[in-house]
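Using the sequences provided together with the hints, build the complete structure.
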Amino acid sequence: MPVHRVHDEAVQIVKQIAFVRELIARAAELLELPRPDTFPGRKTQEPFPQEESRYGEEEDHSLTP
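With our numbering, the residue at position 37 of the sequence shown is 37, and numbering never jumps.
If you're looking for bench data, these hints aren't it; they were derived computationally from the structure.
The C-beta atom is built at its ideal place from N, Cα and C for all residues, glycine as well.
One or more of the hints may lead you astray.
To be verified - Cβ-Cβ distance ranges computed for the label pairs, FRET-style:
1) His4 to Glu29: 32 to 42 Å
2) Glu9 to Gly41: 47 to 57 Å
3) Pro36 to Asp8: 39 to 49 Å
4) Arg21 to Gly41: 37 to 47 Å
5) Thr38 to Ile17: 46 to 56 Å
6) Gln12 to Pro34: 30 to 40 Å
7) Leu33 to His4: 42 to 52 Å
8) Gly41 to Gln12: 45 to 55 Å
9) Gln50 to Ala28: 42 to 52 Å
10) Thr38 to Glu9: 38 to 48 Å
Pasting the structure below:
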């Protein structure tokens, strides 16, 4: 095997190692992200509706007298 061919193979190996390290770094970044919420019907931005009493008024559920 000629010397220049060995050098070419070494260069290719270095390139492949760099590529794999980049993939591993990107995968580690993705694994650090929080898990996405995949429930399609969830509405987290809307406030809970106020409960109405039997008399049509909103009830106050606070703990203050």
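_Broken hints, by number_ = Violated hint (a single one): 5; every other hint is consistent with the structure.
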